[in-house]
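Protein chains in written order, with this note's numbering: chain A, 1 to 1096; chain B, 1 to 803.
Bear in mind the hints are in silico, worked out from the structure with no lab data behind them. Where is the CB? At the ideal position from N, CA and C, for every residue including glycine. Mixed in with the good hints there might be a few duds.
[As the list claims (entries may be wrong)] DSS-like, lysine-lysine: derived pairs with alpha carbons at most 27 Å apart:
id: 1; chain 1: B; residue 1: K592; chain 2: B; residue 2: K786
id: 2; chain 1: B; residue 1: K762; chain 2: B; residue 2: K693
id: 3; chain 1: A; residue 1: K287; chain 2: B; residue 2: K65
id: 4; chain 1: A; residue 1: K398; chain 2: A; residue 2: K262
id: 5; chain 1: B; residue 1: K308; chain 2: A; residue 2: K1003
id: 6; chain 1: B; residue 1: K87; chain 2: B; residue 2: K150
[What the hints assert, rightly or not] Reference excerpt, derived from the structure (chain B facing chain A, CB under 10 Å, subset only):
id: 7; residue: Y27
id: 8; residue: Y28
id: 9; residue: P37
id: 10; residue: S63
id: 11; residue: P114
id: 12; residue: T137
id: 13; residue: N165
id: 14; residue: Y167
id: 15; residue: E217
id: 16; residue: E276
id: 17; residue: G304
id: 18; residue: D307
id: 19; residue: Y456
id: 20; residue: A624
[Said to hold, decoys possible] Computed Cβ-Cβ distance ranges for the label pairs, DEER-style:
id: 21; chain 1: A; residue 1: R865; chain 2: B; residue 2: A85; range: 39 to 49 Å
id: 22; chain 1: B; residue 1: K272; chain 2: A; residue 2: N343; range: 49 to 59 Å
id: 23; chain 1: B; residue 1: R182; chain 2: A; residue 2: P992; range: 39 to 49 Å
id: 24; chain 1: A; residue 1: N878; chain 2: B; residue 2: V396; range: 42 to 52 Å
id: 25; chain 1: B; residue 1: L129; chain 2: A; residue 2: S915; range: 55 to 65 Å
id: 26; chain 1: B; residue 1: R182; chain 2: A; residue 2: S915; range: 30 to 40 Å
id: 27; chain 1: A; residue 1: D994; chain 2: B; residue 2: A61; range: 27 to 37 Å
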Amino acid sequence: MKMKQNNRIFLLVIASLLITFTAAAQAKIIHGQVTAKSDKLPIIGVSVAEYDASNRILNGTITDFDGNYTLRISGTPTNRVVYSYVGYKTVTRTAGNGGNINIVMEDATQTIKEVNVTARRQVSTGNINIAERDLTFAMSKIETKELEGLQAASIDEALQGRMSGVDIVANSGEPGSGMSIRIRGTTSINSGSDPMIVVDGIPFETNIGSDFDFATADEENYAQLLNISPADIEEISVLKDAAATAMYGNKGANGVLLIKTKRGTISKPRVSYTFKGSLNTPADPIKTLNGDQYTTLILEAAANAGNPLSTAAYPQFSYDPNNPYYYYNYGQNTDWYGALTRNGFTQDHNISLSGGGEKAMYRTSIGFYDQDGTVIGQSYSRVTASLNYDYNVSDYLKFQVSLSYTQGTQDKNYTTNLMNSAYTKMPNMSIYEYNTLGVMTPNYFSPVTTPQGYWSSTSNSGIYNPVAMANSGYWKVKSERIMPKFNLQYWIVPEVLKYQVDLAFDINTSKDNRFLPQTATGRLWPEISVNRATDLYTEAFVVQSFNRLYYTPKMGKDHEIVGLLQFNTYDGRYSSYQEVSALSASTNLQDPSIPANIIGNGLGLNSGSSQARTLSLLGMLQYKYLDRYIINGTMRRDGDSKYGTKNRYGYFPSASFRWRTSNEPFMKDVKFIDDLSLRASTGMSGNPVNKNYLYYNTYGTYEWTYLNDQGVYSTGLQLANLRWEKVSDFNIGANLIMFDNRVNMDFNWYKKRTNDLYFPNVGISSATGFNNINQNVGVMDNRGWELSIFTTPLKTKEWQLDFNMTFARSENEVMELSDNIPLISTPTAANNKYLTKIQVGNPLGSFYGYRYEGVYLNEEETVARDKKGNPIYTYNENGEREAVNMRFWYPSVGYEFQAGDAKYADINHDGNINSQDIVYLGDVNPTLTGGFGPTLRWKGKLTVSAYFYYRYGFEIINQTRIDMESMHGFNNQSTAVLKRWRHPYADPSTAPDDLLPRALLGKGYNFLGSDRFVEDGSFLRFKSLTVNYNFNRDKVKRFGLNELKVWATMQNIYIWTNYSGMDPEVTLRGGIASLGYDTSRSGRPMEFSLGTTVSF
Amino acid sequence: MKKLTKIPFLLSLIMLIAVSCTDKDEYYERPGWLEPPIYQVLEKEGRFSQYLKCVDRTLYATSLKGSGLYTVFAPNDQAFAAYLASKGVNSVSELPDSVVNRIVSYSILYNQYPYERLTDVLSGGWDTLSSIKKKTTYYETIHRDTYKGKSIWVYDLSNFRVGDNNYKYMPMYLRPVFERSRSAAQAAQDYNIFYPTTYTGENIQNARLVKKDMYSENGVVHEIDMVLEPLPNIENLLNDPDYSLFKAMINKAGTTGEPYFITYQYNKELTKYIQEAYPDKNIDEVYIKYYSGLAVNINGERYGTNDKQAEQGGYTLFAPNNAAVMKFYNERLKDYFPDGVETLPMDVLGYFINAQMIDELVWPGDFKGSMNSQGEFFNGKGNRGDAFDINKYSKVAPASNGFFYGSKDYIKSRYFETVFTEILLNPAYSLLNRAFIEYFESTLKEELLKCELNGYTQENYTVLLPSDELLAADGFSWQWLGGSNKYGFAHSQSGSSLGNFDVTTRMQRLVRSHIFKRLKNNDVNCALTDFVVDPAFATAYGGHGYAVNEYGDMIRYKDGKVQMLGNFDENDWVTVTPYKTFSNGQVLKIDKMLQYSRRNTAPTEVEKYKSQDLITYILKMTAATQNPNVAVFKNYLIQCLKGDESNELAGISADMTLTLLMPTNAAMNRAVSEGYLPAYTAVSTGDVPARLKATKFILHHIVKGKVFVDDGLNYIMPNREVITEETWPTLLKDVVDDTYLSISKDAEGKLVVSTKSISTGKLFSKIHKTATVTRGIKRSNYFGAKSVMHEINDFMVYEKVTE
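Taking the hints into account, I'd like the entire structure generated from these sequences.
Written out as structure tokens, the structure is:
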């Protein structure tokens, strides 16, 4: 229904525009014949049109088979009649009073000898085009040409490290996991920190995931940039400071990514075909124990813990040849990772057709993208179609229509942690079940329970057979997205005042089907995890409108003014419907609508919907004097339906200034400087909260009744005083262009202060009936600088070498915080826990823990010692002096360390490792990030470019190592545990240096949060290498081609790092608690792709 | 074209080469210092080629090459050479698969035990110096057996669960444990009784440890000098024609065909498991088999009830050979079961079988002090008995689950050697046996079973045997009791018009009345063997002898005839006939039962089942014709205690056991004259203070709680040891506290009563008085209801001792 309605609106708008063409005048006739100069033959199909003074077409026709034409004209004698045909020079005549006009047309190609184009680059800041050299604010930009050949389904991956101040980090090395983007660091403790994305001037709704839950989702869930084929992108810019983001208001508070897509240009129709194919090989996973080593480990861990596994309780580890069922089913060396991964092939085809004349320009493209994930059961295919159409009605009136349609089909695994399971699954288990004679059957081996645990029907998670899960479980997401956009521009006062209206729709639907087969979990009827099927439908409908007035008065040579007044609206509606059922009669019955059980935890029907609106009014004025002094001021008033009436609207001003020093008279003599500018900007923007309806008091009903009445209770406090998170920004920058554009430097220093920091779940007195509420609680600063240097050290006729570098540093500091926020997580006597503190005056992301000092090699070393190294004594029952062992958290825990246990520094020498021995261990914020890379061009034919990316000076908590070296449970571990302590070393000098603590099943404190797992994460990555060859146009012409390019690219080639984890690129996502934790278990896969572009 | 497409290809190749090994890879590599797995360790050592050849032929090869966590006792090549020679084959390849599998799986132990830990048990932490054996990976699966005449498949388990098999344990004889409780010499001696090899203190079964603690990735290896094969268990060792009779006893089945001591249990889960594992064997049913009702589950390999105990002990069986079984039968049972050894009932078999075993390991060195499962010394006498003598055994062998001593003799059991044996085994006394089971299972029965076998050397019991006939004549029967919903004793007269009495109480009193607990050892002998009076004592009481039975009643006897209160009342005598003598006493047949009431003369009265009132006997004794010497005492007693109408005496109830000490008239008069007793007239005329004082005086002459007889012995009987003096309370109370008198025997065996304890010197009264009984059939040892009356030659007096 909604779709249809939307289409109707769209058609209506177009129709109403067409009506404006009809203008009446007295009719006259003009007629004649058109012939070619070269062969004197008539030309068929020549366009003949009458234009008025503003270049508006009034009437038009085309020549017939004999080159004749007749045109009814308006009668205004000053109007022009224009004859145009592709391949011929356009002829213009005045209309006069009509009559016979014969035309001879010249071949167009022969007239062009040499063209010199001189123009200044213009940059789209989104709303208004301002020459890049006149920008007063911080911005960085990249054109897709520079990215060409990078194999990426979405552009964020391609952008990584290429723009200073933009920190893009993959969430993990797992195939298909997303990336997180931070522009100038994390500004908010918990609220979303992902930047806004704007495509062709319209804010782009980031993808709504199929697991999207309207009740709990935040902007983080929208992270993945989607569905724009990189081939369609012309340019990407990033707005960084508040002055820039002021343009886009509240949502742009975390920075704005501007994406400009390709549009048609005046040319003959050009068909272009691009192909990219790539082979994705599975990444090197963390090496895990094989089944044999694993069994040894588990038995050893149990024995060390004092209770050897009995063969009756754990026949899985007895390797008893007399019991073939267990011997074979639990006697394997299964490579779960290998069984789950494969080489993936990606193909990306894109055909585009573009061209146009002075009046109309078009670009249409069709793309097909298909990727087989490196994990079984994961694939993604996408069909895209887009049309960009520009029509110049006259010099003063034009419109643009863009339409894009995307259909994507994504196959995922039923569980998202499939690879995790592969790393930790018992490797001695078989994939397929062996029968009692030791003969392999085709059935998956999914026992009801394993020593590791089982699949819990209550939480719908747990232990399963990952291969069965990958092959017979599924999660299919089918999504469709239609984005019609409409743009109309009209010069009310030519060259001075322009009115522009944009209307954009975004209709995004997706359908998720999930199925959990019994064969993967082994659970028994009638548990509700058996044959569990989900059908979810979600729909998002967004309408945005922009009304803009541009004011560009002519003020003479020395003055230049650009003004903008904008009013925009946003309305987003979301809804979802879901059914989950279980216990269908057969694994083949996978649709929840088939009669099955819908009563149970997580089963049943549910739906949700929400709506949000924003409004904003923006005024901007830029003034330039003498091409030296440029000042820009903006004021916005934003309104957001997420806030109560009291705080719904906010004013956000900004101002910026640029001084082009190089144009000052005293600099005139410095010839080598082309441009030197100093910039300063300041401004404020508002970051909205990430949830709707917080200012309402919401109610829920109890699930039971009393006297047939259902009770109602309050589910949320009415947060009437919730305020905008206000980000004020101060930026100082400089641009320096030297040596005939061969050195181009851009420097920015900024300070960003976030006031009214938003924090969810702030503890309050439970006397209110609630334990916590969402509040504005504090102030946080982000400071930093960015420097980018683009150089061309070598430039000859045949060779050109470019070398680009970016550097950035970003620091944050918590300035103020409400007393209600727990500043310190309480230290507990538990493994795998680091202490985190939010400390006023310190950055977010510091962590604290114990200091690891290796392993107690023998019993003697476990004796507690004081500062001087003398044993600490106690008195036993008989009053005799007795040396005590090191203890852990005595007296509440009192664990006595034993030989083989991890040894921690006893900072206060009291013989007791407890909270008093916790020290500062590191910080996740890098000292420096950036990238660099050379590009070598030869004769405009061959281009070789390389790109390196680095982050320097930060620490990572290697959670992977904690998990994979803890030797504490039945999960498989990494091969690093082969280095574990196995027997005492009476002579410590005989012990190996790289010894790890002993295995200890379910006991001990061998993996406390300590510096053992905190590592320097600095790295330099050889990110990509691309070779591009452009065939000589003359040569390819012989094959009827206009252009032929081939290229090959490699990504993630090599990494230099001391980090022992799989990959030091650690996600920046998540709350404070998860900052800096590396949970990745496989490295980043190397990708190799080949591609070609053909134009006709 | 061709040339150009090569460029990107070449470039990409170069890129690929650039990618090489990183530090990260190194971190996850196998550390160089880590020992290789067991198999490779053995390979590297070089001396285990034969063993490894065997390993290669089994599925254990995979495990030893890197998996699991084991301790391996690997025999070296020399060991194999000797082994092969003994088997008469040239190479291991000639050994059958089954043998190779046995050797290999038996050489592998679960868990890693370096030498130092071999003697420790790991169970919730290390339990040091307590392990004597370790679990191997070897176990036997199903085998054939016969059940109810049918050949079936059985699994030696008491409870089936996957992975819980009847694993064999490997015995170890390691110095730290083995020599902890015995000297090295003794250890060697004990060891050599079972194994011919030299004891070194580091023996694994019959092998010696050559090289210890070869660490490997998946465990530890110890080199041994002998190929070890799994030991047979006790059940296997019993499968020997020399022990077929004993085995038949263990295997004996009842009339239903269900064995007495073996449980065969069909197990569905197990059957399914076995059927699937051996599809070619065409199995329809599998039973689990274990021994029940025996002290030892002789086919169970796992000792105790948990994994911890399993490593700490074992079983011992002294299996009597066929001759010994026959000897036992002939000596002990033939009288009762003349139809042969096959006819023995289940309980008799149980007592005998359990006597031969213990769920502990009995080392030859410890034989002397060791007891069987019934708490009887294996050698019959404990430490005073004989030490282990190998010549008395025909087959001594180590079993996987303990020791097997094939014996030429049987282990004696108190069930066959004591006075109770007669009650237990003689069908004529089945009611008596039932009464013991019913009322005295853990008390009196246990006492009658006390003998040297279980460490009691001086107990001597005399049992007069009331036959089923006599008990039935009394009215007793063993029948289903509807009210109690069980079998029990009933009595024909209970609940009848003759009066209500408690069947249980009567039966218990009667049984106890027929038992006399006496002492007999090198110094003392007061065994009542024939109820003939010692001539030295005969004159004192006109040829009568006296004794107190287990119940506490006095009896008197003369010339093989016995009399208790009831019999005395009727002037009736029970004739006893000595019947058998056992290690702890003798049993005698009787023609009537001892009675505490007049069973014959008042057949229609309620009194038939009750003894008469005490006053009746007091009057009877003090009658002029009997003993006028104590008439004054009697007068005071009646004056002070007896009411006018009833026969009741104040302060005395029918359930009290009393000894009345009656001062002679002269002594009473002396008491009056000395002021300790008011004049009789004052008492009789109702002078309250006088009466009160007199009452106290009388009460102080009645000892409560025990019957003391003047039996001519120099010590007081019954007692568990020689006692010459006892202190007992009297009926007089000092406010609430008892007052006491000392009762003792003088050198002539005469009963003496005193206000002062001889042994402790403690005075019970300020005034020290001592008196002796006056002997004479009418003067002392006179029957009373649960009482005895004696004439004494002085009075006792109580005056509180204040300190």
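The hints, checked one at a time:
1. B:K592 x B:K786: holds, 20 Å
2. B:K762 x B:K693: The hint holds at about 24 Å.
3. A:K287 x B:K65: holds, 20 Å
4. A:K398 x A:K262: Given pair K398 (chain A), K262 (chain A) holds - Cα atoms ~18 Å apart, limit 27 Å.
5. B:K308 x A:K1003: Holds. K308 (chain B) to K1003 (chain A) sits at ~20 Å (cutoff 27 Å).
6. B:K87 x B:K150: Distance of about 36 Å is beyond 27 Å: violated.
7. Y27: For Y27 (chain B), the interface hint holds, since the closest Cβ of chain A sits about 5 Å away, which is under 10 Å.
8. Y28: At 4 Å from the nearest chain A Cβ, Y28 (chain B) passes the 10 Å test, so the hint holds.
9. P37: holds, 8 Å
10. S63: holds, 5 Å
11. P114: Because about 7 Å separates P114 (chain B) from the closest Cβ in chain A, which is inside the 10 Å limit, the hint holds.
12. T137: holds, 7 Å
13. N165: Nearest chain A Cβ about 7 Å off; hint holds.
14. Y167: holds, 7 Å
15. E217: OK, holds: E217 (chain B) within 10 Å of chain A, min 7 Å.
16. E276: holds, 3 Å
17. G304: This interface hint is violated because 14 Å lies over the 10 Å limit.
18. D307: Hint on D307 (chain B): holds, closest Cβ of chain A at ~6 Å, below 10 Å.
19. Y456: Constraint on Y456 (chain B) not satisfied, violated at 39 Å.
20. A624: Because about 76 Å separates A624 (chain B) from the closest Cβ in chain A, which is outside the 10 Å limit, the hint is violated.
21. A:R865 x B:A85: 39 to 49 Å: violated, 59 Å
22. B:K272 x A:N343: 49 to 59 Å: Taking Cβ atoms as reference, K272 (chain B) and N343 (chain A) lie about 44 Å apart, which means the hint is violated.
23. B:R182 x A:P992: 39 to 49 Å: Since the Cβ atoms of R182 (chain B) and P992 (chain A) sit about 43 Å apart, the hinted range of 39 to 49 Å holds.
24. A:N878 x B:V396: 42 to 52 Å: holds, 45 Å
25. B:L129 x A:S915: 55 to 65 Å: For S915 (chain A) against L129 (chain B), whose Cβ atoms are near 39 Å apart, the range 55 to 65 Å is violated.
26. B:R182 x A:S915: 30 to 40 Å: Because 53 Å falls outside the window, the suggested range is violated.
27. A:D994 x B:A61: 27 to 37 Å: With a Cβ separation near 31 Å, D994 (chain A) and A61 (chain B) satisfy 27 to 37 Å, so the hint holds.
Consistency with the previously given hints fails for numbers 6, 17, 19, 20, 21, 22, 25 and 26, ordered from lowest to highest.
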